[in-house]
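J.: With the hints as constraints, model all of the structure from the sequences given.
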Amino acid sequence: MSERVPSDLDAHSGPPASRTLRGAWNGEAFRARLIQALRIFVRFQSVLGLVIVFVAGVLITPRINGEIIFLRPANLGSLIQSISEYGILAVGMTFVIISGGIDLSVGRVLGLSAVVIARLMMVSAWDLVPAVLTTLAIGLIFGLLQGFIMVRLRLQAFIVTLAGMWIAYGIGLSLLPNQQFIGITFGEGPNHAPAAFQVLGENLWGSIPVSAVIFLVVGLLGVLILNTTRFGRQVYAVGGNERAARLSGISVTKVRCLVFGITGLLAALAGIVDAGQYNFGNPAQGYGFELMAIACVVIGGTSLFGGRGSMVGTLAGVLMLGTINNILLLNNVDSNIQKVITGLIIIGAAALQTVAGGLTGSVGGGTPARRGAGPQTQAGPQTQAGS
Amino acid sequence: MDVVNPGTAGMQPTTLGAAPKPDEGQPPAILKLSGIEKRFGGIYALRGVDFELRRGEVHALLGENGAGKSTLMNVIAGVITEYAGSIVLDGREVRFGSPAAAQAAGIAMIFQELDLVPGLSIAENLFMGREPGRLGFVDKARMRAEAGQLLDQVGLSVSPRRLVGDLRVGERQLVAIAKALSLHARILVMDEPTAALSSAEVARLFGVVRELRDEGVSIIYISHRLEEVPLVADRVTVMRDGEVVGTVDASTPQALLVQMQVGRTMAEFYPPRNRRAPGEDVLRLDRAAFTPYLFRSGYQRPIDISLNVREGEIVGLAGLVGAGRTELLELLYGIGPAGVWSGTVEIGGRPAQPRSVGAARRLGIAFMTDDRRSGGYVPTLSIGHNIVLTSLLSLSRLGFVLTRREKPVVERVMQDYSIRASSPDALITSLSGGNQQKVVLGKSLVGTARLLLLDEPTRGVDVGAKAEIYRILRRLADEGLAVLVASSELPELLGLCDRLYVLREGRTVAEFRGGAEEDVVLTAAGIRLPEQDSAVTQDSTLVTQNGITLARRETGS
Numbered sequence: 001m002s003e004r005v006p007s008d009l010d011a012h013s014g015p016p017a018s019r020t021l022r023g024a025w026n027g028e029a030f031r032a033r034l035i036q037a038l039r040i041f042v043r044f045q046s047v048l049g050l051v052i053v054f055v056a057g058v059l060i061t062p063r064i065n066g067e068i069i070f071l072r073p074a075n076l077g078s079l080i081q082s083i084s085e086y087g088i089l090a091v092g093m094t095f096v097i098i099s100g101g102i103d104l105s106v107g108r109v110l111g112l113s114a115v116v117i118a119r120l121m122m123v124s125a126w127d128l129v130p131a132v133l134t135t136l137a138i139g140l141i142f143g144l145l146q147g148f149i150m151v152r153l154r155l156q157a158f159i160v161t162l163a164g165m166w167i168a169y170g171i172g173l174s175l176l177p178n179q180q181f182i183g184i185t186f187g188e189g190p191n192h193a194p195a196a197f198q199v200l201g202e203n204l205w206g207s208i209p210v211s212a213v214i215f216l217v218v219g220l221l222g223v224l225i226l227n228t229t230r231f232g233r234q235v236y237a238v239g240g241n242e243r244a245a246r247l248s249g250i251s252v253t254k255v256r257c258l259v260f261g262i263t264g265l266l267a268a269l270a271g272i273v274d275a276g277q278y279n280f281g282n283p284a285q286g287y288g289f290e291l292m293a294i295a296c297v298v299i300g301g302t303s304l305f306g307g308r309g310s311m312v313g314t315l316a317g318v319l320m321l322g323t324i325n326n327i328l329l330l331n332n333v334d335s336n337i338q339k340v341i342t343g344l345i346i347i348g349a350a351a352l353q354t355v356a357g358g359l360t361g362s363v364g365g366g367t368p369a370r371r372g373a374g375p376q377t378q379a380g381p382q383t384q385a386g387s
Numbered sequence: 388m389d390v391v392n393p394g395t396a397g398m399q400p401t402t403l404g405a406a407p408k409p410d411e412g413q414p415p416a417i418l419k420l421s422g423i424e425k426r427f428g429g430i431y432a433l434r435g436v437d438f439e440l441r442r443g444e445v446h447a448l449l450g451e452n453g454a455g456k457s458t459l460m461n462v463i464a465g466v467i468t469e470y471a472g473s474i475v476l477d478g479r480e481v482r483f484g485s486p487a488a489a490q491a492a493g494i495a496m497i498f499q500e501l502d503l504v505p506g507l508s509i510a511e512n513l514f515m516g517r518e519p520g521r522l523g524f525v526d527k528a529r530m531r532a533e534a535g536q537l538l539d540q541v542g543l544s545v546s547p548r549r550l551v552g553d554l555r556v557g558e559r560q561l562v563a564i565a566k567a568l569s570l571h572a573r574i575l576v577m578d579e580p581t582a583a584l585s586s587a588e589v590a591r592l593f594g595v596v597r598e599l600r601d602e603g604v605s606i607i608y609i610s611h612r613l614e615e616v617p618l619v620a621d622r623v624t625v626m627r628d629g630e631v632v633g634t635v636d637a638s639t640p641q642a643l644l645v646q647m648q649v650g651r652t653m654a655e656f657y658p659p660r661n662r663r664a665p666g667e668d669v670l671r672l673d674r675a676a677f678t679p680y681l682f683r684s685g686y687q688r689p690i691d692i693s694l695n696v697r698e699g700e701i702v703g704l705a706g707l708v709g710a711g712r713t714e715l716l717e718l719l720y721g722i723g724p725a726g727v728w729s730g731t732v733e734i735g736g737r738p739a740q741p742r743s744v745g746a747a748r749r750l751g752i753a754f755m756t757d758d759r760r761s762g763g764y765v766p767t768l769s770i771g772h773n774i775v776l777t778s779l780l781s782l783s784r785l786g787f788v789l790t791r792r793e794k795p796v797v798e799r800v801m802q803d804y805s806i807r808a809s810s811p812d813a814l815i816t817s818l819s820g821g822n823q824q825k826v827v828l829g830k831s832l833v834g835t836a837r838l839l840l841l842d843e844p845t846r847g848v849d850v851g852a853k854a855e856i857y858r859i860l861r862r863l864a865d866e867g868l869a870v871l872v873a874s875s876e877l878p879e880l881l882g883l884c885d886r887l888y889v890l891r892e893g894r895t896v897a898e899f900r901g902g903a904e905e906d907v908v909l910t911a912a913g914i915r916l917p918e919q920d921s922a923v924t925q926d927s928t929l930v931t932q933n934g935i936t937l938a939r940r941e942t943g944s
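Sequence order for the protein chains is A and B. Numbering follows this note's numbering, in which position 282 of the first sequence is assigned residue number 282; successive positions increment by one, without gaps. Each position in the second sequence, counted from 1, maps to that position plus 387 in this note's numbering.
Note that these hints are calculated values from the structure, not bench results. Think of the CB as a built atom: it goes at the ideal place given N, C-alpha and C, for glycine as much as any other residue.
Simulated restraints, written as ranges between beta carbons of each label pair: (1) B:Gly736 <-> A:Ile159: 40 to 50 angstroms; (2) A:Gln156 <-> B:Pro505: 10 to 20 angstroms; (3) B:Ser485 <-> A:Val58: 45 to 55 angstroms; (4) A:Gln180 <-> B:Phe524: 50 to 60 angstroms; (5) B:Gly633 <-> A:Arg31: 28 to 38 angstroms; (6) B:Arg784 <-> A:Arg31: 40 to 50 angstroms; (7) A:Arg31 <-> B:Phe524: 48 to 58 angstroms; (8) B:Val556 <-> A:Val355: 31 to 41 angstroms; (9) B:Gln646 <-> A:Ile40: 39 to 49 angstroms; (10) B:Val556 <-> A:Ile337: 52 to 62 angstroms.
Over 10 angstroms on every C-beta distance to chain B, these chain A residues come out as not near it, computed from the model: (11) Gln36; (12) Phe41; (13) Ile52; (14) Phe54; (15) Val55; (16) Ile141; (17) Phe148; (18) Arg154; (19) Met165; (20) Ser174; (21) Phe186; (22) Ile214; (23) Leu216; (24) Ile324; (25) Ile337.
T.: Following this line, the structure appears as structure tokens:
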């Protein structure tokens, strides 16, 4: 029985590993090893995918005088810059999805936040710091409210954030003064934004875009919070079994509100980055980013049913999509084909999860007590041996 | 329904219903399995199993979880199609390629998790996929009429229009049986049909089972509950580790059956009672009533509860399903609906009305839910992470969980509750039911609990794990914990508890000390007790059941 118990990958178990090694030619042990390898692969599928894609990028992108364009710091910088906005959204989305929810409003909240910060600086002539803080606060409150409404009115996250998507877009549009967007110009005096805001569109040390740095910092914070804090544990517990979490004394209301607070806050941050990069506040910005973020989370191996997933996977998923698009771009592949490829990758990643889940029994849990219940997963030609 | 004529064998069986005697007058075997073998990977689930089911008998199948009962039934019902050995049905060798083929041959299986659609009506469930009617239109009147007849047959007096989702578990069970009957089943396989039923529902089910048997249906009855065997079965086959230990008469003493199952004697089943005097009241309710702000139908609020639980004491809560046991426990743990208490509710000597789980836990109350899967653990987390769920606050600083504080807690719980697992990092779903239950129990008690509330603590765990859980509970009580156990298994309450209260319709109607006769408790929970007696205290001594004296039932002193 202990042979079949799937042990976690983190468990660097000494003796059992050597035991399996010795019996590597035995059919059972080989099967166990195969399953173990598959589990590792699935758990880190996006990380491995990223490595593969990166190597492919080195091999198949064009070169100039033997220099690989793909590896140029400027190219890698712009690669990360291109994914930074929905990457930031994906970090928040990972929290929400692991907690068992979904947030469709983030794209529109991004647009709203871009308008808010542009308006605060250009129309209301606020200073940089209060403008940024206010914008972040608005995003945070918007998210918290969505979570609160969900819990109190017992509505599904899908419904509430679908509504939130419209509301954020509507507010964003209504903040526009008779234009399509609010342009941001820099300089002294009225109708000029503080020059410091310009930094968002610039590079550090010559080739590292500030927006990329913001994304990476947010991602690392996300990893830290999800993996090491009490709140992170609670997010997993609420997503895995809400009632059990509640009976354990975890405030499900608080956790649910907070995860949506996080997506709201990060959407506002992404909106500020957007305004800083493009120098305007446009409520149409960020449209569709919510689906890109969800795609990255799924590619990263997080279950849409909640309770399972990893932030590292999400980050790798984001970088993988960015790298693929970058490779296609460098090879002059039609940008429409890029979209098709993104779709295929989502299907492939999800299919891998399902196939491997069925093989290893990690989804339903292949307990010995219930082994009679799952004969279809256990094709056993050796059963005829006795007759 | 299809009644099999037993006359074909030449001799009319005259001993139907009575305990079978050897040799003479035996009805012929309707189903005979020989040498059934099934492996999953390298593990034998079944090892040369021989099994014989006679026409018109109720044949109980006993065994711990993992003994191979369910696998064997899946072979019979055509769910498992790859096996070695032979199945002979009515003298002809058969090999079912699918559950549908087995069903067509008259074998119906009623699963633990009933395959009914909660959103459809009873009638629609009964005739799913074969609705009476014409040209694709369902003849609803006819369907309901036929459904009504089937429901009569199983003694269920509810409208066939009712949604299955609105029925109680016991009622759903009867609907599932009615469905099997409508399929003209000659062999009925029932997998733990009483797991979630109250005593009254069990009695009704047994009546139906006996009637079916007398009509010539052969029934294989899988159960964890030994005490049911003599009540419902004619013969018993005991399985252990994928093999048949033996087939015996149903009147075989329980002690022997237990031994056959686990190789352990009954005397070790319930731990010895507390010898020391119990301490202070940890929980005291006096004429306590709860009024929710919003009334829901089907919610049995506590109306008049008077009870106390002291340090070092295990107190039982008996009563039918719907008597308000679960509601009472949940309210005490702060997870009931919003509302107000009247009367006295004291926890640790001080008036308290926990309104949230957090508040209840701060008062030192721990709770273990009756449904392990829906509320006991988080299936996506590891064993260790499940164990520390209740104590994350004390294991973290500045919001970060400290691994060095977490690890010893996990190790201690796994040791204290003898949880057998390859590693604390393994998923909790990789454990057996009994070990999962121990994790849930251990988890709920991390920290400083002084009152433990348990709802059906041994539901769905095997005999060996039950004994272990009883021992753990007694040890906890000996360490000073006050324990309040609600259970629909009376022998369990009688064997385990120092005292027990009987609940009926939200009221405590009787209190028993020491061992109490099962019949008395049934009376108290049923309708025979006078309405006005709201707190009867009775002492009685010995528990006997069908002439078998259950071991370890000394009177509490």
